[in-house]
Amino acid sequence: MSTAMETDVTAGFEMVVGLEVHVQLKTQTKAFCGCSTNFGAPPNQNTCPVCLALPGALPVLNARAVELALRVALGFGFTVNARSIFARKNYFYPDLPKGYQISQHDTPIAEHGRLDIGLLINGEPRVIGITRAHMEEDAGKSIHDRYESATAVDLNRSGVPLVEIVSEPEMRSPEEAGAYLRTLKQILLYLDISDCNMEEGSLRVDANVSARPFGQVRLGTKCEVKNMNSFSGVERALAAEFRRQCGVLVAGGSVQQQTLLWDGAKGEIRPARSKEGSSDYRYFPEPDLPPLLISDAELARVRETLPELPAARRARYAAMKLSEYDVQELTADPATGPFFEAVLALHADAKSVANWVNGEVRAVVNERDTAWDAMSLEPARLAALIDLVRDGVVSSSAAKKIFAQLLVSTDTPRAIAERDGLVQVRDDNALAGWVDEVLAEHPVEAARYAAGEKKLVGLLVGLVMKKSQGRADPKLVNQLLSSRATG
Amino acid sequence: MAVSDADVLHVAALARLAMPADRVPALVRELNGILDHMAVLETVDVTSVGDDARTAMPRRDDIVGSVPLARPLAQFAPSPRDGFLLVPRLSTHSQLGATEGDE
Ligand SMILES: [Zn+2]
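So the sequence lines, in the order shown, correspond to chains S and R.
Take 1 as the starting number for the first sequence in my numbering and just add one per residue.
Take 1001 as the starting number for the second sequence in my numbering and just add one per residue.
These aren't lab readings, by the way, just hints derived from the structure by calculation.
Errors might be hidden in some of the hints.
Stretch-level coverage of chain R by chain S, calculated; a stretch enters the list once three of its residues show a Cβ under 8 Å from a Cβ in chain S [to be verified]:
#, region
1, 1037-1043
2, 1060-1067
3, 1082-1090
Label pairs and their in silico Cβ distance ranges [to be verified]:
#, chain 1, residue 1, chain 2, residue 2, range
4, S, Ala251, R, Met1019, 47 to 53 Å
5, S, Ala53, R, Ala1013, 17 to 23 Å
6, R, Pro1072, S, Ser409, 50 to 56 Å
7, R, Arg1081, S, Asn366, 40 to 46 Å
8, R, Pro1072, S, Thr305, 38 to 44 Å
9, S, Ala251, R, Thr1055, 56 to 62 Å
Where is the CB? At the ideal position from N, CA and C, for every residue including glycine.
Could you build the full structure based on these sequences and the hints that come with them?
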């Protein structure tokens, strides 16, 4: 398909996107029973009478799940309902042993949140409304392709606590949807309520998308797209589905409401094999669970435990006169900031600490795919290394060699510098000796330099550095040479 | 509120229950009997009953430890295999296909 054709089909149409994000809460146990939520256990190992739906078993709500849901509510500026109701969402599927999912329907725990996803071209903040966040339990897992003509069911995930975050249909492009998801995930990670790992299914996205002519107020018929396993997959799926709908409208047809699956490998949208009547969920209040009451005191307690969120941290770092790039990098994930600040507490120059953290240190973290706090690099040792550079004890290039050693040795940076002969030579006699030798070995250049040809200083410093095997302090060598030229 | 034959057939279909036509009238009667009883309950004045500690949702600590099964799952599940529970493949997945979007 040519670019020109794509442009033709979508020209004059506006994309309207709403997103539903399911987030698995970071609890030890399931929402309504004491089974472990440990990922990767043998099939059906983490099950009990409650999550297998054996007759007579009754659910008891996990206090931690409520606490984490309240963190979500506070983190996105939701209004928390003092009284929320669990409901049964009925549908028939083999990985849903009760025949219903415990969810929240008309009275969720939180409503009316919002998310600032960046700036518009005119500098105004772009804020997306979030309709609601509700608590629910996950279903089990159905595996259709493992055994011939049978579906294999694993109920380890059955009953795992989720929060579903439902946005308003306020996004207008795949890029906005991507920004919403990335910002949402960043805040969720700061809130420390979920691993947000799309590959392991702890964060799942369903997208509702419709097309309408620009200027039309009424929303077009929406379709739901599922099965995306990355944020860029969501963006690509939205673009593909929008193009499909525009094609239907341009051809004079009408969009049929349906559920579609994204095939990331092929980059295609295809209709989901329908689950007949599955939209008729016959919600009713869960009779086994009384209303969930949240007092002002409880909410205040949770608010006190809220960590610093990305926007606040960015503002604090920007006030340190760090560049926009440094601020973004240092706040991209929740763990970099504390490491940065631990080093900063020992070495006060924010800019050099940021350079190290965003440069050498991040490279190691990325390369090893490790966590900041799991890396064998104590902030104090990095601070000591940065001090050595500041004080001219070692050069910047020597510091990088020392840094590599810091990760495999328990020695101090200074000890490593001395051991490996990386301490800059700043002793005047030694430096003067090297300078004399270089001038003696290069009489022509020495004469021209002495006669006032200043640009030769670079060449001569280089020769001295070479002679010293990189150990001479180039600044001092420079000064020495200057004094020779004028003296 | 009363249910009709059509309601009963609709709900049966959603629950994947086979429903012989001659069972429908009796079920309609039974369900409407339940709804009539609910209508009586709805007339009870509960305005003085508020939410308090006795009616609020109890919560449990997030500590692993569930009620053990009286018998191992494999002894009462219909078709256990390699730890999985096998069920007939759904008509929606009659052609072999990968696991798809969850409900
Ligand atoms: Zn359980």
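Hint-by-hint comparison with the structure:
Residue count for the region 1037-1043 of chain R with a Cβ under 8 Å from a Cβ of chain S: 0. That is fewer than the three needed, and the coverage hint is violated. Closer than 8 Å: that is the beta-carbon criterion, and the region 1060-1067 of chain R has 8 residues meeting it against chain S, so the requirement of 3 holds. With 9 residues having a Cβ less than 8 Å from any Cβ of chain S, the region 1082-1090 of chain R passes the three-residue criterion, so the hint holds. Distance hint check for S/Ala251 and R/Met1019: the Cβ-Cβ separation is about 42 Å, which falls outside the suggested range of 47 to 53 Å.
For S/Ala53 and R/Ala1013, the Cβ-Cβ distance of about 21 Å falls inside the hinted range of 17 to 23 Å, so the restraint holds. Hint check: R/Pro1072 to S/Ser409, Cβ distance near 52 Å, so the stated range 50 to 56 Å holds. A hinted range of 40 to 46 Å holds for the C-beta pair R/Arg1081 and S/Asn366, which are about 42 Å apart. As the Cβ distance of R/Pro1072 to S/Thr305 is approximately 41 Å, the hint placing it in 38 to 44 Å holds.
Evaluation of the 56 to 62 Å hint for S/Ala251 and R/Thr1055 yields a pass: the beta carbon distance comes to about 57 Å.
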